[in-house]
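Undergrad: Each chain is listed here by its residues.
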Amino acid sequence: MAVASNFTAPMKEIAAAFERSSGHRVTLSFGSSGKFFAQIKHGAPFQVFFSADRAKPEALEKAGLVVPESRFTYAVGALALWSVRPGYVDDDSARLKKGDFRKLALANPKLAPYGMAAVEVLQNLKLKEATQAKWVYGENISQTYQFVGSGNAELGFVAVSQIMDKGRIAKGFAWIVPGELHDPIRQDAVLLKRGAHSDAARALLHFVRGEKAAQILQSYGYKTLADVN
Amino acid sequence: MILNTPSVDANRIHARFSLDYPDAKGPAFSLDVDVTVPGNGITIIFGQSGSGKTTFLRCVAGLEKPDRGRLAVNGDIWQSETTFLPTHKRPLGYVFQESSLFPHLTAKGNLAYALKRSGSAVTSELYDRVMGIMGIEPVLQRYPDRLSGGERQRVAIARALLIQPRLLLMDEPLASLDAARKQEILPYLERLRSTFDIPVLYVSHAMDEVARLADHTVVLDQGRVVAQGNLTEVFSRIDLPMRFGDETGVVLKGRVVERDTRWHLSRVAFDGGELWVRDGGDALDRWVRVRVLAKDVSLALASHGDTSILNRLPVEVAELSQDQDEAIALVRLKTGPAYLIARVTQRSVHQLKLEPGKRLWAQIKSVAIVR
Amino acid sequence: MSFSEADIAAIWLTLRLATTVTLVLMVIGTPIAWWLARTRSWWKGPVGAVVALPLVLPPTVLGFYLLVAMGPNGPIGQVTQSLGLGTLPFTFWGLVVGSVFYSMPFVVQPIQNAIEALGERPLEVAATLRAGPWDRFFTVVLPLAKPGFLTAAILGFAHTVGEFGVVLMIGGNIPGETRVVSVQIYDHVEALEYAQAHALSGAMVIFSFVVLLVVYGYQRMQAPLGMKYRV
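Protein chains in written order, with our numbering: chain A, 1 to 229; chain B, 1 to 371; chain C, 1 to 231.
Simulated from the structure, these hints should not be mistaken for lab results. It is possible that part of the hints are untrue.
Below, simulated EDC-like cross-link-like pairs (lysine to aspartate or glutamate); rule was C-alpha separation at most 20 Å, straight line [stated by the list, open to error]:
#1 C/Lys146 <-> B/Asp145
#2 A/Lys41 <-> A/Glu13
#3 B/Lys295 <-> B/Asp208
#4 A/Lys98 <-> A/Glu120
#5 B/Lys65 <-> C/Glu120
#6 B/Lys89 <-> C/Glu120
#7 A/Lys110 <-> C/Glu193
#8 B/Lys89 <-> C/Asp135
#9 B/Lys353 <-> B/Glu319
#10 B/Lys253 <-> B/Asp285
#11 A/Lys223 <-> A/Glu13
#12 A/Lys166 <-> A/Glu13
#13 B/Lys108 <-> C/Asp135
#14 A/Lys110 <-> C/Asp7
#15 A/Lys41 <-> C/Glu193
#16 A/Lys110 <-> C/Glu5
#17 B/Lys365 <-> B/Glu316
#18 B/Lys65 <-> B/Asp32
#19 B/Lys253 <-> B/Glu274
#20 A/Lys110 <-> C/Glu177
#21 A/Lys223 <-> A/Glu129
#22 B/Lys65 <-> B/Glu81
#23 B/Lys253 <-> B/Asp215
#24 B/Lys253 <-> B/Glu233
#25 A/Lys62 <-> C/Glu193
#26 A/Lys126 <-> A/Asp183
#27 B/Lys253 <-> B/Asp323
#28 B/Lys116 <-> C/Asp7
#29 B/Lys334 <-> B/Asp306
#30 B/Lys89 <-> C/Glu124
#31 A/Lys35 <-> C/Glu193
#32 B/Lys116 <-> C/Glu193
#33 A/Lys134 <-> C/Glu177
#34 B/Lys65 <-> C/Glu124
#35 A/Lys223 <-> A/Asp183
#36 B/Lys182 <-> B/Asp208
Chain A extracted, bound-state conformation (with noise of 0.2 Å):
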């Protein structure tokens, strides 16, 4: 199973849940969405994709390399605007409109859907412009943390499975960004060919859309496609 590194730890805590109740053996991989998706392309043997964002799987769809109709929507991210410097971020977007920091990170939107939402959040506030020239972009979100968190980014745009944990703000200070701002970070799942005939990951695949899996989903601050809707 190839799992988008920035879901690793629910993905962790579903997998157990699933091993639990099924029976069956789940063996995880983390890594990049786009280096599975050229892995997966030259014939990696994975049986399962969560992708990081819709387009990948939707590639690999168009490609056949999925079992038809299997693409589905298992999380949706949220985004935050976050800071670790004490009161630098209050629960609103004023300190993006005050403007007065030297860099603010974000990540690459070219690749990652959490960028794309960054900025589309900026776009709607009317602040592209004029922050623009103060982006850092992290290559995926992970690193994004880091420029914030080791403070080289004053403040910057994460995912608030990032900095959340048992439904609390775990460190520094964040502006949850209301869903709203922008469109929602969809991060899709795929039924790879490769598995069209296990019945594990069939199986799988049905518990990520079960009510326990939606619990672990928003203790990490993710919500469902139908929280969304």
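Using the hints provided, position chains B and C relative to the given structure of chain A.
TA: Chains B and C only, in chain A's frame:
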């Protein structure tokens, strides 16, 4: 009140070094020497390998830093308790054992390296003289790897001269050469002595070089000075801790007093007698060195006229000593103020009842003029 | 092969970075190599190991530590801030600092080897010819160890060009400032723009191959001269 100021002798080289190598890589070595030699002429630092002679020379050059030391060269202090001149500030020239020419420079480039750094400008007269003596003009455009071993050493010596040193240090400059090349260079070294008035410290373990070149000798053994003095004196001793085997012998300085053109012989007079030697082309009255090897000296109680041996001298036994071969004895013989050494069997010592004070005849099979 | 404007900007930036890093490394790497080649100090081992660390550490590890160290609370960051330079991550000079650490062994080791092969003797000879320490360095060490210095410069340059992990960690992907070729390739791959990735990657492979070819050819040419000195 008399102030006790250290006296600096203007015409002497005084070196006192003490240094320890607690080296894990080789046997522990220590050098502990106190040497005073004349501030002119060639002083040979003689000793077997491992005796510390090269280390001594490196101390003089400042390439080694002794734990304690003092070095005064003709009135200048190079090292004392409070000063240590680094090598590049000592007005010396150094000829290393093996080729030390810079491989990235031609022979001429190597000489230019010295010319550029010589304390005062080198006159064309000096340059020509060095070129003339070392005979290297034809090879100046070549790189060191295109020179023979002998040519390389001659260029190296020329380079050391062009830096206009006040002291020339030579570390076995001939040791890396075969016998023929060595014979090729020795005359250049002799000319160097007669042409330049630079004191030379010359490290060697070869008796023939010593006999030919030395004015003064310092003998080192295991890092200690075992003898120092003029050449004749030092090599007529048989009480040194080292043995030279077939090379044991004395060097005598004498004057040519007669040339016998019919038999091609010369008569050389020295303090203590006269010797007939093969005529070496030396003019009358010329000072020469003759070397008398101990193995060529035999002893007889009476003078026999009926032998092929040309030279017989009346001598007195001064001292007896054991050679490294237990069948052989070394006998030190006094003739006037000079000494000879004879190498004879212990049986002969017994039969002839040799003991100090005994008078007898020394028969000398051959004598060589070394210079 | 055709390059987009962004690709060309990345190539230009990469060359500028590699040149700067090579110059800085030659200046600070030479004394380190000199010391390592000649010291008998107990510190030789530890210092040599620190210099060689980037050879074995994943670049991301080095990059992560640099990010923290150069950050506002890190030791390097404290120094740069007190000098009024701000913090280094996300700047060209931050990349220079990171690359200097990262490419250090590729510059220090060839110079160190060359100086070790040289031995004491040529320096002693020069000292007896009245050459002082700097004189000895420029007239003896530099010409005799030239192959080592050239190899060091070429490898330092090439290795900086090929650097990725450290740049990724401390660069922030700013066009014209920190977006170098390797990052640009990564972006192309991640964005599934394989054609552009191919073009840049191909250029990189050819560049690296040519550089290594030149280094090996040069070393073979120079080897006999190096040996000559050892009698």
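Undergrad: None of the hints should be skipped; say for each whether it holds.
TA: Do the hints match the structure? See the list:
Straight-line distance between C-alpha atoms of C/Lys146 and B/Asp145 comes to about 18 Å, which keeps the hinted pair within the 20 Å bound. For the given pair, A/Lys41 sits about 28 Å from A/Glu13 by alpha-carbon distance, which is inconsistent with the 20 Å threshold. A distance of roughly 15 Å separates the Cα atoms of B/Lys295 and B/Asp208; the hinted pair therefore holds under the 20 Å criterion. Annotation: proposed proximity of A/Lys98 to A/Glu120 holds, straight-line Cα distance about 19 Å (limit 20 Å).
With a CA separation close to 15 Å, the supplied pair B/Lys65 and C/Glu120 stays within the 20 Å bound. Our distance criterion of 20 Å between C-alpha atoms is met by B/Lys89 and C/Glu120, whose separation comes to about 18 Å. The suggested pairing of A/Lys110 with C/Glu193 holds, with an alpha-carbon distance near 11 Å, which does not exceed 20 Å. Restraint check for B/Lys89 and C/Asp135: the C-alpha separation of about 13 Å stays at or below 20 Å, so the hint holds.
Between B/Lys353 and B/Glu319, the direct Cα distance comes to roughly 13 Å. Compliance with the 20 Å bound is thereby established for this hinted pair. Between B/Lys253 and B/Asp285, the direct Cα distance comes to roughly 12 Å. Compliance with the 20 Å bound is thereby established for this hinted pair. Taking the CA atoms of A/Lys223 and A/Glu13, the gap is about 16 Å. The hint holds against a cut of 20 Å. Restraint check for A/Lys166 and A/Glu13: satisfied, since their Cα atoms lie roughly 13 Å apart, inside the 20 Å limit.
The hinted pair formed by B/Lys108 and C/Asp135 meets the criterion: a straight-line CA distance of about 19 Å does not exceed 20 Å. Restraint check for A/Lys110 and C/Asp7: satisfied, since their Cα atoms lie roughly 15 Å apart, inside the 20 Å limit. At roughly 14 Å between alpha-carbon atoms, A/Lys41 and C/Glu193 fall within 20 Å of each other, so this suggested pair holds. Annotation: proposed proximity of A/Lys110 to C/Glu5 holds, straight-line Cα distance about 17 Å (limit 20 Å).
For a cut-off of 20 Å, the pair hint linking B/Lys365 to B/Glu316 stands: about 18 Å separates their Cα positions. Between B/Lys65 and B/Asp32, the direct Cα distance comes to roughly 13 Å. Compliance with the 20 Å bound is thereby established for this hinted pair. This hinted pair checks out: B/Lys253 and B/Glu274 have alpha carbons roughly 11 Å apart, not beyond 20 Å. Distance restraint check for A/Lys110 and C/Glu177: the Cα-Cα separation of roughly 18 Å lies within the 20 Å cut-off, and the hinted pair is therefore satisfied.
Taken as a hint, the A/Lys223 and A/Glu129 pair is broken in the structure, with Cα atoms around 30 Å apart against an allowance of 20 Å. Proposed proximity of B/Lys65 and B/Glu81 is supported: the alpha carbons are some 12 Å apart, at most 20 Å. Restraint check for B/Lys253 and B/Asp215: satisfied, since their Cα atoms lie roughly 11 Å apart, inside the 20 Å limit. Proposed proximity of B/Lys253 and B/Glu233 is supported: the alpha carbons are some 11 Å apart, at most 20 Å.
Taken as a hint, the A/Lys62 and C/Glu193 pair is honoured in the structure, with Cα atoms around 16 Å apart against an allowance of 20 Å. For the proposed pair A/Lys126 and A/Asp183, the alpha carbon gap of about 16 Å is at most 20 Å, so the pair holds. Distance hint between B/Lys253 and B/Asp323 is unfulfilled; the C-alpha atoms sit about 26 Å from each other, more than 20 Å. For the hint linking B/Lys116 to C/Asp7, the alpha-carbon distance of about 53 Å lies beyond 20 Å, and the restraint is violated.
Straight-line distance between C-alpha atoms of B/Lys334 and B/Asp306 comes to about 24 Å, which puts the hinted pair past the 20 Å bound. Under the criterion of a C-alpha separation no larger than 20 Å, the hint pairing B/Lys89 with C/Glu124 is consistent with the structure, at around 13 Å. As the CA atoms of A/Lys35 and C/Glu193 are separated by approximately 13 Å, the hinted pair is consistent with the 20 Å bound. Only pairs whose Cα atoms come within 20 Å are accepted, and B/Lys116 paired with C/Glu193 is rejected, the gap being roughly 63 Å.
About 12 Å separates the Cα atoms of A/Lys134 and C/Glu177, which keeps this hinted pair within 20 Å; it holds. Between B/Lys65 and C/Glu124, the direct Cα distance comes to roughly 13 Å. Compliance with the 20 Å bound is thereby established for this hinted pair. At roughly 13 Å between alpha-carbon atoms, A/Lys223 and A/Asp183 fall within 20 Å of each other, so this suggested pair holds. Distance check on the hinted pair: B/Lys182 and B/Asp208 sit about 11 Å apart at the alpha-carbon level, within 20 Å; holds.
Of the hints listed earlier, those the structure fails to meet are numbers 2, 21, 27, 28, 29 and 32, in rising order.
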